[in-house]
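Heads up: the sequence lines are chains D and G, in that order.
Under the working numbering, the final residue of the first sequence carries the number 330; numbering is consecutive throughout.
Under the working numbering, the final residue of the second sequence carries the number 330; numbering is consecutive throughout.
Note that these hints are calculated values from the structure, not bench results.
One or more of the hints may lead you astray.
Note that identical chains are pooled: a pair holds if it fits in a single copy or bridges any two copies.
Said to hold, decoys possible - Below, computed lysine to any residue pairings styled on SDA-like, alpha-carbon distance capped at 20 Å: (1) K143 to G243; (2) K143 to L29; (3) K232 to V252; (4) K232 to R168; (5) K309 to H100; (6) K152 to I70; (7) K77 to A259; (8) K152 to L313; (9) K143 to T57; (10) K143 to E22; (11) K77 to T188.
So the chains spell out like this:
Number of protein chains: 2
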Amino acid sequence: MTPTRILVCNYPDQQPIFTIREADTRAALSVAPAHLPPMEFVFRAYTDPALPQILPTCEAMVGWQVPREIVRESPGKLRLIQLTGAGVEHLAPLDWLPPHITLANASGIHAAKLEDWAVMTLLMLHAHMPHFVTAQRAHRWSKRYSSAIAGKTVLIYGTGGLGQAVARAAGRLAVRTIGVRRSPAPVTGFDLVVGLGDAGLHLATADFVVLTLPLTDETRSLGDAGFFARMKPDAAFANFGRGGLVVEADLVQALTTNALSGAMIDVTSPEPPATNSPLWDTPRLVITPHISCDDPATYVPDVLALLLKNIDLLLSGQAVPNRVNPGLAY
Amino acid sequence: MTPTRILVCNYPDQQPIFTIREADTRAALSVAPAHLPPMEFVFRAYTDPALPQILPTCEAMVGWQVPREIVRESPGKLRLIQLTGAGVEHLAPLDWLPPHITLANASGIHAAKLEDWAVMTLLMLHAHMPHFVTAQRAHRWSKRYSSAIAGKTVLIYGTGGLGQAVARAAGRLAVRTIGVRRSPAPVTGFDLVVGLGDAGLHLATADFVVLTLPLTDETRSLGDAGFFARMKPDAAFANFGRGGLVVEADLVQALTTNALSGAMIDVTSPEPPATNSPLWDTPRLVITPHISCDDPATYVPDVLALLLKNIDLLLSGQAVPNRVNPGLAY
Numbered sequence: 001m002t003p004t005r006i007l008v009c010n011y012p013d014q015q016p017i018f019t020i021r022e023a024d025t026r027a028a029l030s031v032a033p034a035h036l037p038p039m040e041f042v043f044r045a046y047t048d049p050a051l052p053q054i055l056p057t058c059e060a061m062v063g064w065q066v067p068r069e070i071v072r073e074s075p076g077k078l079r080l081i082q083l084t085g086a087g088v089e090h091l092a093p094l095d096w097l098p099p100h101i102t103l104a105n106a107s108g109i110h111a112a113k114l115e116d117w118a119v120m121t122l123l124m125l126h127a128h129m130p131h132f133v134t135a136q137r138a139h140r141w142s143k144r145y146s147s148a149i150a151g152k153t154v155l156i157y158g159t160g161g162l163g164q165a166v167a168r169a170a171g172r173l174a175v176r177t178i179g180v181r182r183s184p185a186p187v188t189g190f191d192l193v194v195g196l197g198d199a200g201l202h203l204a205t206a207d208f209v210v211l212t213l214p215l216t217d218e219t220r221s222l223g224d225a226g227f228f229a230r231m232k233p234d235a236a237f238a239n240f241g242r243g244g245l246v247v248e249a250d251l252v253q254a255l256t257t258n259a260l261s262g263a264m265i266d267v268t269s270p271e272p273p274a275t276n277s278p279l280w281d282t283p284r285l286v287i288t289p290h291i292s293c294d295d296p297a298t299y300v301p302d303v304l305a306l307l308l309k310n311i312d313l314l315l316s317g318q319a320v321p322n323r324v325n326p327g328l329a330y
Numbered sequence: 001m002t003p004t005r006i007l008v009c010n011y012p013d014q015q016p017i018f019t020i021r022e023a024d025t026r027a028a029l030s031v032a033p034a035h036l037p038p039m040e041f042v043f044r045a046y047t048d049p050a051l052p053q054i055l056p057t058c059e060a061m062v063g064w065q066v067p068r069e070i071v072r073e074s075p076g077k078l079r080l081i082q083l084t085g086a087g088v089e090h091l092a093p094l095d096w097l098p099p100h101i102t103l104a105n106a107s108g109i110h111a112a113k114l115e116d117w118a119v120m121t122l123l124m125l126h127a128h129m130p131h132f133v134t135a136q137r138a139h140r141w142s143k144r145y146s147s148a149i150a151g152k153t154v155l156i157y158g159t160g161g162l163g164q165a166v167a168r169a170a171g172r173l174a175v176r177t178i179g180v181r182r183s184p185a186p187v188t189g190f191d192l193v194v195g196l197g198d199a200g201l202h203l204a205t206a207d208f209v210v211l212t213l214p215l216t217d218e219t220r221s222l223g224d225a226g227f228f229a230r231m232k233p234d235a236a237f238a239n240f241g242r243g244g245l246v247v248e249a250d251l252v253q254a255l256t257t258n259a260l261s262g263a264m265i266d267v268t269s270p271e272p273p274a275t276n277s278p279l280w281d282t283p284r285l286v287i288t289p290h291i292s293c294d295d296p297a298t299y300v301p302d303v304l305a306l307l308l309k310n311i312d313l314l315l316s317g318q319a320v321p322n323r324v325n326p327g328l329a330y
């Protein structure tokens, strides 16, 4: 029986946390379901000149950068592209993707790490930590008291893996959760889910507003001056999605004019911000370098487990839940 | 029946969160046990020239500053001094206190607020938040990843109300808790409690070290160069007790030389630090202005409930758990 060939396609300068090594694939196979057919991993860098010959001999590939030209022109046996990340905006538009090939993202593997991170973020925003950090920079001892966080409300844009992780975090703090998604429907962990068109009322009353959305034409620049102006005075803001969800100049303005009590962003546009970007010195803004959802101990093992699960689903003719919808691009 | 008279002794420039108003006493009486004798609250500022005449007519007083001369010279009917805070170092030495008068602190009322704060602090230290805040000041995007906090270990100096709150917080994060107290004995919420002399081993292996001790001759300057040097490389530190527990120059040195991964302190000595104190700009040090344990919604109600409970205990001849031991001064 010919083994199923899987191309591992790391790219140069990739961070170690996202790099798949041979030992990782051996470890993944050792815990894979016994009914899976034999698998063979092939390692070729994204820049390898032999990639046009190698890729068509593989049934699946896993990586973050996709050799789109090769996939479009000569996909050969390729049936599955497993991404190591959740976002696909770096591959858009998806017109290079043959319809018979499944593009799957890694949505879901970031949730465990983000849950603790979101507990921390909600507590930090509630405790005025962005204010204290700003005051410290100015050598100022400026007291702000806070009461219990229990009973506050968080409005979460996005009810997918990340949004559900934030909702679980809020639940651990007895914070009420309202989710926003394209089409309203109950989602586990949320006290209420509303459609995008009905979010305005909740935007005006929530204590915390958190973005976990993918970046698409529809979500780009959602967080603009009007958005921040509709938020309750003294409410706080966080972005775990993508930098492009926010008009950064408008966020800077909202914080500078005290319209928000504080903000924490783990994503910017571009990343990193320019050295002279006003973001760095904006009062009551805490920036972290896009690390909130990534756990170095579990990242690669989780991606490989997802890859093997998706191969299993494809081989048995079942739907792949992580399949990216080319029309929606997430 | 003559009502029991209680002197409410606020002091000038006291922060609103700690100021007891008439409405507060009415609210406290409305929820007091029915068997309590009638109570009458008398309001006189700490600076009121009539205090020498008023205080001896009262069975109890509540406040933060104590008119020590009056209490020593002419206590009259006074039997209970209820402090609004936990620390008594501002009243030491306690040689002014007649032995028949019970001095009670407010230890215990800070615990609920501190528990959430400690969850936040442990998560922030674990997530390298002090590093990110320092990097942001330098306009640097400097990634540090973290895995799950579950399974880490926190060493907590002090197993009283604050220490137990930190232990509960750690328990919520599945962090192992080791307590340090003068004489080792099991304490609820701690996985292990050791004596001060046996803390060294755990100091060298704990991921987080947290001080919640009162400031006494015995605890002053506990956190010195030798203490920080014994901590595990990359361990993190927090102080919720009193600034004087730490030799601040040694903490600055430990952080500047990267011996610790980060620190969060809610107390300094003096408070606030001098405008040109090196604390403000120390890398990976987050300073908050002594607000971690105080909840404006519950502080005064909790103090008054404690006062009435202690009056009840004294009237029925029972021990007052919050009584300050003049020998130990806490």
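How the hints compare with the structure:
1. In the homo-oligomer, the alpha carbons of K143 and G243 lie at most 20 Å apart only across protomers (16 Å), although the nearest pairing inside one protomer, at 31 Å, exceeds that limit.
2. Taking CA atoms no more than 20 Å apart as the test, K143 paired with L29 passes in neither setting, with 54 Å inside one copy and 30 Å between copies.
3. For a Cα distance limit of 20 Å, the shortest separation of K232 from V252 inside one copy, 17 Å, qualifies, whereas the shortest one across copies, 39 Å, does not.
4. In this assembly of identical chains, the alpha carbons of K232 and R168 never lie at most 20 Å apart, being 23 Å within a copy and 33 Å across copies at closest.
5. Within a single copy, K309 and H100 get their C-alpha atoms as close as 18 Å, which meets the 20 Å cut-off; across copies the closest is 74 Å, which misses it.
6. Proximity of K152 and I70 under a CA criterion of 20 Å is satisfied in neither setting, with 51 Å inside one chain copy and 46 Å between copies.
7. In the homo-oligomer, the alpha carbons of K77 and A259 never lie at most 20 Å apart, since the shortest distance is 55 Å inside one protomer and 53 Å across protomers.
8. Taking identical chains as interchangeable, the C-alpha atoms of K152 and L313 are never at most 20 Å apart, the minima being 41 Å within one chain and 37 Å between chains.
9. In this homomeric assembly, K143 and T57 never come within 20 Å of each other (Cα to Cα): the closest approach is 64 Å inside a single copy and 37 Å across copies.
10. Proximity of K143 and E22 under a CA criterion of 20 Å is satisfied in neither setting, with 53 Å inside one chain copy and 25 Å between copies.
11. Taking the shortest Cα distances, K77 and T188 never come within 20 Å of each other, neither inside one copy (38 Å) nor across copies (61 Å).
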